[in-house]
Structure formats: structure tokens, C-alpha cells
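**Student:** In my numbering, the protein residues as written are 1 to 304.
Hint data in this document are derived by calculation from the structure and do not stem from the laboratory.
Beta carbons are placed, not taken as given, at the ideal position from N, Cα and C, and that holds for glycine.
Incorrect hints may have been included.
[To be verified] Label-pair restraints from in silico Cβ distances:
#1 Asp-203 x Asp-38: 50 to 60 angstroms
#2 Pro-45 x Pro-276: 20 to 30 angstroms
#3 Glu-83 x Asp-260: 34 to 44 angstroms
#4 Gly-123 x Lys-187: 46 to 56 angstroms
#5 Gly-255 x Arg-134: 27 to 37 angstroms
#6 Asp-228 x Ala-4: 21 to 31 angstroms
#7 Arg-56 x Arg-247: 45 to 55 angstroms
#8 Thr-5 x Arg-251: 41 to 51 angstroms
[Said to hold, decoys possible] Taking lysine-lysine pairs in the DSSO-like style, the calculated list, with each CA pair at most 27 angstroms apart, reads:
#9 Lys-187 x Lys-165
#10 Lys-187 x Lys-119
#11 Lys-185 x Lys-165
#12 Lys-119 x Lys-6
#13 Lys-119 x Lys-185
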Amino acid sequence: MTTATKRLIVAVNPSASFGRRRGVGDDVVASLREAGHDIVELVEPDYASLVTATRREVDKGADALVVVGGDGMVHLGVNRVAETGIPLAIVPSGTGNDTARLLGIPHEDPAAATDHLLKALEGEARPFDLGRARWVTRGGGTETRWFAGAISAGFDALVNERANKMRRPKGASRYTIALVRELAKLKPLHYRVTLDDQTIEGDYLLVCASNGVSIGGGMKVTPNALQDDALFDVLLVTPLSRIGFLRIFPRVFRGEHLSDPHVTILRGRRIRIEAPVVAYADGERLAPLPMDAEIVPGALRVYA
1 MTTATKRLIV
11 AVNPSASFGR
21 RRGVGDDVVA
31 SLREAGHDIV
41 ELVEPDYASL
51 VTATRREVDK
61 GADALVVVGG
71 DGMVHLGVNR
81 VAETGIPLAI
91 VPSGTGNDTA
101 RLLGIPHEDP
111 AAATDHLLKA
121 LEGEARPFDL
131 GRARWVTRGG
141 GTETRWFAGA
151 ISAGFDALVN
161 ERANKMRRPK
171 GASRYTIALV
181 RELAKLKPLH
191 YRVTLDDQTI
201 EGDYLLVCAS
211 NGVSIGGGMK
221 VTPNALQDDA
231 LFDVLLVTPL
241 SRIGFLRIFP
251 RVFRGEHLSD
261 PHVTILRGRR
271 IRIEAPVVAY
281 ADGERLAPLP
291 MDAEIVPGAL
301 RVYA
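With the hints as extra help, turn the sequences into a complete structure.
**Tutor:** Next comes the structure, spelled out in C-alpha cells:
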């Protein structure tokens, strides 16, 4: 089957997986050009410059935006093409790749992911629900951000916040060290969570509103979530001792934690989270709570 030529914007994160896969973008571009597509390659020195360049090219029009990198690049992509009708395609080369996992894209083999993309481009893009978060800025205005995966607003967000403030070490070990340090002072936070018409108030270790199955590179926090049911799966974890937390933690990677009495899963379309913590989405920093979020059905189209 011959694929019609498409104008593809390819945005490459040069620091994907902490620089260990810098050549992936070149390989992806070469494969797409060999297949006959018209390629606009974007490689910038930093994330902010890449955001600007991607916005500029998307405004000119395209048949798809291809992001090469991890969930941070997916986050960049959805915030450029949500509700535009321009599909998103993903070649994962990051450390987490949770959206790629959800879509069934090979997430540990960029060459296999590129082959997957070439085949997907022969067909139609599929609809994908997105989350849309809103919060009030310090200046009193309102900021909006799209996200593909989950809003993290508990222990995992605290780990991210600590890791982002650390200058050393470089690489994935920084997150391991941050996790150990946060675990040493593990304590619940007080939350007020409003899910549709239901309000819950109490102390929790983890609060996560998820559109997908996993966060953090395969932690199946909401293993029964669907990306096309127009609902968040909301994970709530009540206080645990450090030993209890360490016991349940490995089960999360297998999605076997739902039977634990400290774990609750709720579903809803709109959520408001209030607590003294900074929220993250797709691994990217958003803002301190409170924050509102809603599921927007079919806000994105994806090639997968």
C-alpha cells in the first residue's frame, strides 16, 4: 500500500532519556523522508525554544506533529495540537513513555516505534481523550494546560518537585535519590477533592487523576483506566507507615494494589483538587494547587 505524502513536523527532544538517545531523531527523520514524506525537522537547544518553534510550524499547518522523546514531549505535542484537528504521532525515546505504553507503541525500541508510525500513517488517526487543567495564577489570571496522562498531586509530585530542585546527580538516579529523601519524611497531606458532585475531605499520601493506566514509567496506578471513556480514574491512598508504603509500592507496577484497603478508585469527568502541594501532569510541573481539571472527549487525534 502506498502512503500519500504528508507534511510532517518532527519535534525532537535532544535530551530525551538524559541524552542517551540523541541519534533517534535523525533516524526517525531519515525513515520518514525515505517513505516519501515532506519533513520539517525541529531541533532546538532547550524545551522553551522547542515549544516556540513547534507553535510557529503548527500554525502554518501540517498533516501531523511527530514528537520524539518521552512524556514531556507528548505534553508539548498535545498542547500544540489539541482541538486543532492536526494528529499527534509519538516515537518514544524517554525514560517513562507512559502515553506510548497506553497506545501500544513500542516504548523500548525506537526503530520498532518508527516502523509502527510508518504503518499508522497509512491509516486514519484515532480519537484520544485529553485532560484539561485550569488554575489561577499569582497575578489573578487563569492558565490552562492540556495533558494526556495524569495529574499527580501527592507523594509522586513531591518527588518530582524535589528532583527538579536538585542540580546533581544528572540522569535518572536523581529521581531515585529524591524518592528516598521524600520517603524519609513520608507524611500525608490534607486534601479536599471534588469529583463531579461528590466532595471528599481527608488525609492522603497519593492523589492522582488519570486518563491513562500508568505514570512514572510503568507504575500502573489506575490499571483499569480507558483513554476513550470520557472519565478520569482517580486514585486515593490513605495514610500508611513507611513499611506499609514500601510493601504496596511494588504491587503498583503490576496494578495489583487495588485490593489494598488503603486504596480507593473513583471515576468522574470533572475534578477539583485542593491541598498544599504542586501538581504535575505528564511529568511536567504545572502549579501549586488548587486546580480544576476536566476530561475533553476526543480532543486529540493520534496515529497509533
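**Student:** Please go over all the hints and tell whether each is borne out by the structure.
**Tutor:** How the hints compare with the structure:
A beta carbon spacing of about 55 angstroms between Asp-203 and Asp-38 agrees with the range 50 to 60 angstroms that was offered as a hint. For the pair Pro-45 and Pro-276, the supplied restraint of 20 to 30 angstroms is violated, since their beta-carbon distance comes to about 35 angstroms. Between Glu-83 and Asp-260, the C-beta spacing of about 38 angstroms keeps the proposed range 34 to 44 angstroms intact. For the pair Gly-123 and Lys-187, the supplied restraint of 46 to 56 angstroms holds, since their beta-carbon distance comes to about 49 angstroms.
Between Gly-255 and Arg-134, the C-beta spacing of about 30 angstroms keeps the proposed range 27 to 37 angstroms intact. Between Asp-228 and Ala-4 the beta carbons are some 26 angstroms apart, a value that agrees with the proposed interval 21 to 31 angstroms. In this structure, Arg-56 and Arg-247 meet the distance hint of 45 to 55 angstroms, their C-beta atoms being roughly 50 angstroms apart. The hinted window of 41 to 51 angstroms between Thr-5 and Arg-251 holds, with their beta carbons roughly 48 angstroms apart.
Restraint check for Lys-187 and Lys-165: the C-alpha separation of about 20 angstroms stays at or below 27 angstroms, so the hint holds. Among the hinted pairs, Lys-187 with Lys-119 is inconsistent with the structure: their alpha-carbon atoms are about 48 angstroms apart, more than 27 angstroms. A C-alpha spacing of about 17 angstroms is found between Lys-185 and Lys-165, which places the hinted pair at or below 27 angstroms, so the restraint holds. Proximity of Lys-119 to Lys-6 is assessed by CA-CA distance (about 13 angstroms); at most 27 angstroms being required, the pair is judged to hold.
Proximity of Lys-119 to Lys-185 is assessed by CA-CA distance (about 48 angstroms); at most 27 angstroms being required, the pair is judged violated.
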